[in-house]
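A.B. asks: If you want the building blocks of each chain, they are given just below.
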Amino acid sequence: MSAIVFERVSRSFDGRRVVDDVSLELVEHRIGIVGANGSGKSTLARMINGLVEPDAGRVLVDGLDVAKQGREVRRRVGFVFTNADTQIVMPTVREDVAFTLRRHRLAPAEANERVDAALARFGLTELAERPAHRLSGGQKQLLALASVLVGHPAILVADEPTTLLDARNARRVARHLAGLDEQLVVVSHQLELLDDFDRVIVMERGRVVCDDVPAVALPRYRDIDAGDDDADDDAQDAAEERSRP
Amino acid sequence: MIGVFHPGDSLVHRAPALLKLGLLAALVTAIALQHSVLVLGGACVLVAGIAALARVPFRLLWRQLVPLLWLLAIAVPVQLLLAGWELAVTVALRLLLAVVLAGVYSLTTPVTETLDAAQTLLRPFRRWIDADRVGLALALAIRAIPLLGEIVAEVLDARRARGAEGSIRAVAVPVIVRALRTADHLGEALVARGLDD
Numbered sequence: 001m002s003a004i005v006f007e008r009v010s011r012s013f014d015g016r017r018v019v020d021d022v023s024l025e026l027v028e029h030r031i032g033i034v035g036a037n038g039s040g041k042s043t044l045a046r047m048i049n050g051l052v053e054p055d056a057g058r059v060l061v062d063g064l065d066v067a068k069q070g071r072e073v074r075r076r077v078g079f080v081f082t083n084a085d086t087q088i089v090m091p092t093v094r095e096d097v098a099f100t101l102r103r104h105r106l107a108p109a110e111a112n113e114r115v116d117a118a119l120a121r122f123g124l125t126e127l128a129e130r131p132a133h134r135l136s137g138g139q140k141q142l143l144a145l146a147s148v149l150v151g152h153p154a155i156l157v158a159d160e161p162t163t164l165l166d167a168r169n170a171r172r173v174a175r176h177l178a179g180l181d182e183q184l185v186v187v188s189h190q191l192e193l194l195d196d197f198d199r200v201i202v203m204e205r206g207r208v209v210c211d212d213v214p215a216v217a218l219p220r221y222r223d224i225d226a227g228d229d230d231a232d233d234d235a236q237d238a239a240e241e242r243s244r245p
Numbered sequence: 001m002i003g004v005f006h007p008g009d010s011l012v013h014r015a016p017a018l019l020k021l022g023l024l025a026a027l028v029t030a031i032a033l034q035h036s037v038l039v040l041g042g043a044c045v046l047v048a049g050i051a052a053l054a055r056v057p058f059r060l061l062w063r064q065l066v067p068l069l070w071l072l073a074i075a076v077p078v079q080l081l082l083a084g085w086e087l088a089v090t091v092a093l094r095l096l097l098a099v100v101l102a103g104v105y106s107l108t109t110p111v112t113e114t115l116d117a118a119q120t121l122l123r124p125f126r127r128w129i130d131a132d133r134v135g136l137a138l139a140l141a142i143r144a145i146p147l148l149g150e151i152v153a154e155v156l157d158a159r160r161a162r163g164a165e166g167s168i169r170a171v172a173v174p175v176i177v178r179a180l181r182t183a184d185h186l187g188e189a190l191v192a193r194g195l196d197d
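So the protein lines, in turn, are chains P and U. Residues 1 to 245, numbered by UniProt numbering, are exactly what the first sequence covers, in order. Residues 1 to 197, numbered by UniProt numbering, are exactly what the second sequence covers, in order.
For reference, chain P alone in the conformation it holds in the complex (with noise of 0.2 Å):
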């Protein structure tokens, strides 16, 4: 597995601080972070392909440093973001996961043959001559998966992948997500999909409060957040959203 390193980083949006001097080690093969909105959860994933960088401290992905060498660590690190919407760019089911590659130089036998796998782990190929965006949203999240997977990236990182979805449609692509080879870095509310991964960290204010195996982490967040009724997290949460566009 890769390993993705947190060296004392924060960041800070309109004055508040979003993310406050985090420092981590991530190599496990699936973790979690979950937290109240505006928690510094969805900023810190960011961080970790360079769509968001810290204003002090380091992120390195397998040694290199997101801020500096973005477009290599880009490579590695696949993004799949909450609204499936905004991330499909071509017509075509099929156009959209070849678009992937079309930086990749391939020749036109090999491309196509790594779009009909991906279409195919996805259970996408009696679809890929389809609109894209006619596509139901949990069809258009998987599509989201092959598009960025097509790539061969070492690490996933997905924020609230499941968050728009129905509940079959969610439990549809946190099945795909739990058969995926790659390191995958999952950031969600909804915790059931968190049960089996290997590490889940609970973040609080823009701080790391918990760091632990399921068992123990989504019982501590479920804790806070029973118990979380403050005023100030309403400003928090509309800071974190200034990390998103």
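Quick caveat, the hints were computed from the structure, so don't treat them as lab data. Just so you know, not all the hints are guaranteed correct.
To be verified - If you only want the chain U side, here are some residues facing chain P, beta carbon under 10 Å, derived: (1) 9; (2) 135; (3) 140; (4) 142; (5) 150; (6) 172; (7) 175; (8) 177; (9) 181; (10) 185.
Said to hold, decoys possible - Derived, one-sided and incomplete: chain P residues facing chain U with beta-carbon distance under 10 Å: (11) 85; (12) 95; (13) 102; (14) 103; (15) 129.
Note that the Cβ used here is the ideal one computed from N, Cα and C, for glycine as well.
Got chain P sorted already, so can you dock chain U onto it with the hints?
C.D. replies: This is chain U only, laid out in the frame that chain P set:
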């Protein structure tokens, strides 16, 4: 262009996109310059032959023509009254033939092949124009159409739900804001997919 490609293995499907684009441009220009109803009638036979060769379902081709029929329903009577039947028929045939030819092209050519063709055409100008970037811009422009359509439909629904049917501002402001946010999200997704260089 937006997801209308119909897969197949006809001669027209297999022809290179660049050749098809060249033929499309040449035929549409020739049709546009033609004034004889008789010759345009002959062109109808030729275009029908091309459509048959492409083996695309008639209903898909018809769907491409429907928006044009509204235009013809207004333009043809006006031409009939002002310029006579010959010009009315000529204008109608020119438009119909051009749209059918463009429809055959769209139905038989994936967008990626069109982008590759555009990049090939731009290659001689690579000192001045980044062909990859132009290809990406074309892809995004095509992608933006259904995305904007969805945004407008959702905003119209929201306006109706809040009883503000008459307000143009209640459509324009949220559509612009959401379109700009969507553009930002799309840009971020492109960066995440390694298209930031």
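A.B. asks: Failing hints, ascending?
C.D. replies: 1, 6, 7, 8
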